[in-house]
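Student: One letter stands for each residue in the lines below.
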Amino acid sequence: MITVLFFGPVAERVGASRLELEYQSGMRLQDVQAHLQPRYPEAFALVTLAAVNGEQVRDRSLPLADNCEVVFMSKFSGG
Amino acid sequence: MITVLFFGPVAERVGASRLELEYQSGMRLQDVQAHLQPRYPEAFALVTLAAVNGEQVRDRSLPLADNCEVVFMSKFSGG
Amino acid sequence: MQGPVRIQLADFSHDEEIRALQAGSKRIGGIATFLGCARDFSEGREVSEISFDAYEPMAVAEMQKLRKEAIERFGLIDARIVHRLGVVRAGDSIVFIATGAEHRAPALLACQWIIDQLKERVPIWKKEITPQGDCWVTPHP
Amino acid sequence: MQGPVRIQLADFSHDEEIRALQAGSKRIGGIATFLGCARDFSEGREVSEISFDAYEPMAVAEMQKLRKEAIERFGLIDARIVHRLGVVRAGDSIVFIATGAEHRAPALLACQWIIDQLKERVPIWKKEITPQGDCWVTPHP
Numbered sequence: 001m002i003t004v005l006f007f008g009p010v011a012e013r014v015g016a017s018r019l020e021l022e023y024q025s026g027m028r029l030q031d032v033q034a035h036l037q038p039r040y041p042e043a044f045a046l047v048t049l050a051a052v053n054g055e056q057v058r059d060r061s062l063p064l065a066d067n068c069e070v071v072f073m074s075k076f077s078g079g
Numbered sequence: 080m081i082t083v084l085f086f087g088p089v090a091e092r093v094g095a096s097r098l099e100l101e102y103q104s105g106m107r108l109q110d111v112q113a114h115l116q117p118r119y120p121e122a123f124a125l126v127t128l129a130a131v132n133g134e135q136v137r138d139r140s141l142p143l144a145d146n147c148e149v150v151f152m153s154k155f156s157g158g
Numbered sequence: 159m160q161g162p163v164r165i166q167l168a169d170f171s172h173d174e175e176i177r178a179l180q181a182g183s184k185r186i187g188g189i190a191t192f193l194g195c196a197r198d199f200s201e202g203r204e205v206s207e208i209s210f211d212a213y214e215p216m217a218v219a220e221m222q223k224l225r226k227e228a229i230e231r232f233g234l235i236d237a238r239i240v241h242r243l244g245v246v247r248a249g250d251s252i253v254f255i256a257t258g259a260e261h262r263a264p265a266l267l268a269c270q271w272i273i274d275q276l277k278e279r280v281p282i283w284k285k286e287i288t289p290q291g292d293c294w295v296t297p298h299p
Numbered sequence: 300m301q302g303p304v305r306i307q308l309a310d311f312s313h314d315e316e317i318r319a320l321q322a323g324s325k326r327i328g329g330i331a332t333f334l335g336c337a338r339d340f341s342e343g344r345e346v347s348e349i350s351f352d353a354y355e356p357m358a359v360a361e362m363q364k365l366r367k368e369a370i371e372r373f374g375l376i377d378a379r380i381v382h383r384l385g386v387v388r389a390g391d392s393i394v395f396i397a398t399g400a401e402h403r404a405p406a407l408l409a410c411q412w413i414i415d416q417l418k419e420r421v422p423i424w425k426k427e428i429t430p431q432g433d434c435w436v437t438p439h440p
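Chains as they are written, first to last, in this note's numbering: chain P, 1 to 79; chain B, 80 to 158; chain W, 159 to 299; chain D, 300 to 440.
Isolated chain P, as found in the complex:
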């Protein structure tokens, strides 16, 4: 199982702050994005950053492990 988290404006457009996807062997970050982006195009229009297990990931071809936590994030606006 892969847990996908959303925050702030992205969560608002997805309509959820958490989704779970079935893990498939050989899965990469880009596969998760390819699965979700067509379903939530307005949310992904805001996405500029992704993180896996709390670490920012620039390379979308990163292989994922089972039970990992993926986050698609818009630009931060804290402070």
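For the record, the hints were derived by calculation from the structure and aren't laboratory data.
All figures in this text were calculated on a predicted structure; none of them were measured in a lab.
Some clues are possibly wrong.
List time: in silico EDC-like cross-link candidates among lysine to aspartate or glutamate, alpha-carbon distance up to 20 Å [said to hold, decoys possible]:
#1 K277(W) <-> E401(D)
#2 K285(W) <-> E204(W)
#3 K426(D) <-> E121(B)
Partial list, derived from the structure: chain D residues whose beta carbon lies under 10 Å from chain B [to be verified]:
#4 F351
#5 P356
#6 A358
#7 A360
#8 D415
#9 L417
#10 E419
#11 V421
#12 I423
#13 K425
#14 P430
#15 D433
#16 T437
Not close to chain D: a few residues of chain B, all C-beta gaps over 12 Å, as computed [unchecked claim]:
#17 R92
#18 G94
#19 Q103
#20 P142
Glycine included, C-beta positions come from ideal geometry on N, C-alpha and C.
Could you slot chains B, W and D onto chain P? The hints should help.
Tutor: Just chains B, W and D now, with coordinates in the frame of chain P:
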């Protein structure tokens, strides 16, 4: 009467924080300094600034009025 | 005493944060702080409240990294970073940074550096709540 | 509430100063502060106490001018400057500056400008009291 004030290291070397001088018609700031400097050479070795009535004065030829307040000061070290 | 890096719902005391910063060393000669607070106007809109969302574990980890980097980069004696979550009103505190150094220049520079970096690097998002509706803030590029 | 520019024997509260700064406007988005405090070491000497002497009327007038100039120069909403007199010990507060602006950059810049100017322009002198004797501080040129 002219009141002369000293603070901090200058006061310490003069051995006083306040002196009074007789006012004389036509007196200038440089006259007060010329009177005091030979008496307190160690104190005046520290003096870099003078003020008259609370305003910094660069021109030592400034004429003084009776009852004014003159201060000879070393470099500030507050803050 | 609370930790030097926190994300919390509650407000905090400047006096307590300064005391905590000073507790570790008597060699601190200068302390700079920055407090970000909620304004009642933002780009022409009246703002009654601001609410925050955060990816908390990553936000705290990033704030801890920021503190460590600032201490090394500016030779600080210590630094503290606190960010609030939940809902705040006009005048309320949002983020607090305190930096302590032997002299004033590194403390002031580090404080500015930390708030600039925090805005870039810490996964927190703010929503302005106005009489006309809610609006997630989009940072300027 | 106390005035925004003061020279005083007593210590002060950061929280009260920040509250006083915020009291005048809900448009403040960033507050920077600088706190100068007494260290227990200065240029290799152990310092047990610091005592201050000031030409008070001129010092207060100059601090008031500084506040006004900073507000104009950096477009601040408000600013406060407090300097202590008398004797302070290691860890004690000496000088406090707080600047409030709509955004963070002017608040931080103004805070740095005020402390730099204060050291140049305000007639206050400090004496370090050490186990080896007392010593009036000579500022570096």
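Student: Each hint: holds or not?
Tutor: To see whether the hints hold, each was checked on the structure:
With a C-alpha separation of about 16 Å, the suggested pair K277(W) and E401(D) falls inside the 20 Å cut-off, and the hint holds. The straight-line distance between the Cα atoms of K285(W) and E204(W) is roughly 13 Å, inside the 20 Å bound, and the hint therefore holds. A distance of roughly 18 Å separates the Cα atoms of K426(D) and E121(B); the hinted pair therefore holds under the 20 Å criterion. Given the 10 Å rule on beta carbons, the hint for F351(D) holds: about 7 Å separates it from the nearest Cβ of chain B.
For P356(D), the suggested interface contact is upheld, since its CB lies about 5 Å from the closest CB of chain B, less than 10 Å. Taking 10 Å as the C-beta contact cut-off toward chain B, the hint placing A358(D) at the interface holds, the least distance being around 8 Å. Because the closest C-beta pair between A360(D) and chain B is about 6 Å apart, less than 10 Å, the hint holds. With its C-beta approaching chain B no nearer than about 9 Å, D415(D) sits inside the 10 Å limit, and its interface hint holds.
Taken as an interface hint, L417(D) checks out: its beta carbon lies about 5 Å from the nearest beta carbon of chain B, inside 10 Å. Look at E419(D): its Cβ gets to within about 7 Å of chain B, closer than 10 Å, so that hint holds up. Restraint check, V421(D) versus chain B: the minimum CB separation of about 5 Å is within 10 Å; hint holds. Taking 10 Å as the C-beta cut-off, the interface hint given for I423(D) holds, the closest approach to chain B being about 3 Å.
This hint holds: K425(D) has a C-beta 5 Å from the nearest C-beta of chain B, less than the 10 Å allowed. For P430(D), the shortest C-beta to C-beta distance to chain B is roughly 19 Å, which exceeds 10 Å, and the interface hint is violated. Nearest Cβ of chain B to the Cβ of D433(D): about 9 Å, under the 10 Å cut. The hint holds. Using the Cβ-Cβ criterion of 10 Å, the hint placing T437(D) at the interface with chain B is satisfied: the shortest such distance is roughly 7 Å.
In this structure R92(B) is not separated from chain D by more than 12 Å, as the shortest Cβ-Cβ distance comes to only about 9 Å. With a least beta-carbon separation of about 14 Å from chain D, G94(B) lies farther than 12 Å from that chain, consistent with its non-interface assignment. At roughly 25 Å from the closest C-beta of chain D, the C-beta of Q103(B) stays outside 12 Å, upholding its exclusion from the interface. The Cβ of P142(B) lies farther than 12 Å from every Cβ of chain D, with a closest approach of about 20 Å, so its non-interface assignment holds.
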